[in-house]
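The chain contents come next:
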Amino acid sequence: MSFWQNIPSYFSSEYYTFWVVSIGAGIICFGAGIVGTFSYLRKRALLGDVISHAVLPGVAISFMLTGVKNPLYFLIGATTSGILSIWLVDYIHSKSKLKPDTIMALTLSVFFGIGIVLLTKIQHSGNAAQSGLDSFLFGKAASMTLQDVITFSVIALINTLCIAVFLRAFSMISFDEEYAKSLGFNIKIIKSFLALLTVITVAIGIQSVGIVLMAALLITPASGARFLTNSIKKMLIYAGIFALLSGFTGVIISSSGTAMPTGPWIVVVLSSFTIFAIFFGKEKGVIARMRIRRSNNLKINNENTLKKLYKLSEERKESIHVDQLSDIQSSAQLKTTLKRLEKKQILSQVKGTIILNEKGKIAAREVIRKHRLWEIYLSKYFQLDKDHLHDDAEGIEHVITPEIEKHLITLLDRPEKDPHQSEIPY
Amino acid sequence: MNDFYIILTACLVAINCAIMGSFLVMRKMVMIGDAISHAVLPGIFFAYIISGSTSSLPILIGAASSGILATIIIEWFTQKARLQSDASIGVSYTLLFAIGIILISKFGANADIDQQCVLYGELEYVSLWLEPIIGDFYLPRQTLILGVVCIIIVLAVTWGYKGLFITTFDPNFSISTGIAIGFWHYFLMSGVSLTTVVSFESVGAILVIAFLSGPPAIAYLLTGNFKKMLVLACAFGILCSIVGYYLAKLLDVSVAGAISAVIGAIFTIVFVITSSQKSKIDVISD
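In order, the protein sequences belong to chains A and B. Counting in the working numbering, the first sequence runs from 1 upward without gaps. Counting in the working numbering, the second sequence runs from 427 upward without gaps.
These are calculated hints, taken from the structure and not from any lab test. There could be a bad hint or two in this list.
Derived DSSO-like pairs: lysine-lysine, alpha-carbon spacing no greater than 27 Å straight-line [said to hold, decoys possible]: (1) A:LYS299 <-> B:LYS506; (2) A:LYS99 <-> B:LYS654; (3) A:LYS99 <-> B:LYS532; (4) A:LYS95 <-> B:LYS653; (5) B:LYS654 <-> A:LYS95; (6) B:LYS653 <-> A:LYS43; (7) B:LYS454 <-> A:LYS97; (8) A:LYS284 <-> B:LYS588; (9) B:LYS675 <-> A:LYS99; (10) B:LYS588 <-> A:LYS233; (11) B:LYS654 <-> A:LYS97; (12) B:LYS675 <-> A:LYS97; (13) B:LYS588 <-> A:LYS99; (14) A:LYS282 <-> B:LYS506; (15) B:LYS454 <-> A:LYS95; (16) A:LYS43 <-> B:LYS506; (17) A:LYS97 <-> B:LYS588.
Can you make the complete structure from the sequences, with help from the hints?
Listed below in structure tokens is the structure:
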């Protein structure tokens, strides 16, 4: 039977748990992904790690006080100790010379250590109800219930609504706190509110993916989304979609085999999305940047060759032999550069002799003009010595746009000669 | 004797971590220690699969190399992909940890590695595997390994002190004088990786992080001299281990957890005292 013929049976009751878990995972990942975008933008990526470790003592204490495993009590305990940990990190940071990373590492390990102490105390106390508290450490996505899915949906909805309503405030404190303050935003309240959303999301999400991987749900979607866009709205959308799909796909993969843990699979799928974006992001991706660098290098090679050709022809005659260019590039590089220029119908080569045609001369003049204009500009406005001008102009001539050139010409009164008394070709 | 073994083991971990941690604290890189301690999981798995044994050496090599791999990935993300540094750490170690758990739960059912042990170690059972030293004197295997690593760390740091010191406190000067920053970075990272790996097997990832950050932070609050800071950090590490152990025994709770809690308590005391003195000198002199 093929996959498509199977589809109706996927909606039958035996797949009920599968649907509950996959939809639930997708929703909680979505909620964490969008709220985590702000942790990312505020360069607080590792705070998610701190919070997820710090909720443990809260959970343990709420169990010790009530003696029952009630999700609501857990949530209250977890949120309280999560908030306390964030507050402590900020407080110690403001009151001592310690750096945030030290404080975060210390806070997360001490909170977690206290959590472990309490947890072992509970275990040794022989309370039968305690079994299963461990699921807080490593998550138990597979045993998600419809009730959990509803809780997840509520928190995801709250996150979405709050972000939609306070988008401007959240963005302001993410990019420039001082500026936000000067505009009259109450930074403390906005920050605390954002922290509260993050902590609640962590406290709820932790039960399905576990402590260590919760940090990934907050930070990984945003990291990938950042490589796709510069707009904060689009970033939120991308992060949300990444997270939603990863939660869903992670569950599908983990349910396809035995002994496949759900949380880790979600994180692996999520990370794959992010790594894909890091490589293939349209402008910021590693490959896109490599391509830009390559095309810039080609442009520089082209222009340097043209410049040399023009200078040689300025000195003597129309045709130049390849050997005369050997000092600007290696011979292999020169060969490909010349071929490229020939293809652009800028020059023609006959048996090692190069003839620059009209189009080529215009292009070459442009480069020389930019170079010499920049030299004048430097000597006039920066009073640089003549022998310092060339190297600087050598680099900048390739990036001066026609607009800047126009501006330079008017600024310098359309000069005739550069500081080295060479003519400027217009 | 059991008490002695556990305390000795904890103290050795404390010393190793205090030395490495002091450099990490000054370099603002403590969270990398956190990342390494989680990222060793896949390395442990592959070492187990390749060597077919759970004996210490192959596992140690596997774990240490996967720790170093993690730092290389983090470097790559920050330098080449231009991902902001905190996100690089977060993304890479969670991915490695996730891969590790998947591999272990899928193929490593009979391997001697479980997640719980990774997080909070088995300090209580350290004396299960004793090795004879001289005559009737026995030492637990873990303690022995930690002792060797401790000697390696102390020797390496003494040998490379100048390089580590300059690249930590004056990276710009190092660049201008041509000191190989990259070399010292990976030199330190190898040390951190080794320390983390040998330590976490006995005390768990969480106590490793507590030891890496806590005692150096306490020492840093108390002194402005880096050499004094190293000594103080070791001393506080040892103090916390001893107090933590007896606290754990008294309350009948996890030793690793109790030591972390004591580190937190001592830090709080020192923090309250020093912050009321209002001396925020941030000069570190040799």
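We went through each hint and held it up to the structure:
no.: 1; hint: A:LYS299 <-> B:LYS506; result: holds, 23 Å
no.: 2; hint: A:LYS99 <-> B:LYS654; result: holds, 19 Å
no.: 3; hint: A:LYS99 <-> B:LYS532; result: violated, 40 Å
no.: 4; hint: A:LYS95 <-> B:LYS653; result: holds, 24 Å
no.: 5; hint: B:LYS654 <-> A:LYS95; result: holds, 22 Å
no.: 6; hint: B:LYS653 <-> A:LYS43; result: violated, 32 Å
no.: 7; hint: B:LYS454 <-> A:LYS97; result: holds, 12 Å
no.: 8; hint: A:LYS284 <-> B:LYS588; result: violated, 39 Å
no.: 9; hint: B:LYS675 <-> A:LYS99; result: violated, 34 Å
no.: 10; hint: B:LYS588 <-> A:LYS233; result: violated, 49 Å
no.: 11; hint: B:LYS654 <-> A:LYS97; result: holds, 17 Å
no.: 12; hint: B:LYS675 <-> A:LYS97; result: violated, 35 Å
no.: 13; hint: B:LYS588 <-> A:LYS99; result: holds, 23 Å
no.: 14; hint: A:LYS282 <-> B:LYS506; result: holds, 16 Å
no.: 15; hint: B:LYS454 <-> A:LYS95; result: holds, 17 Å
no.: 16; hint: A:LYS43 <-> B:LYS506; result: holds, 19 Å
no.: 17; hint: A:LYS97 <-> B:LYS588; result: holds, 24 Å
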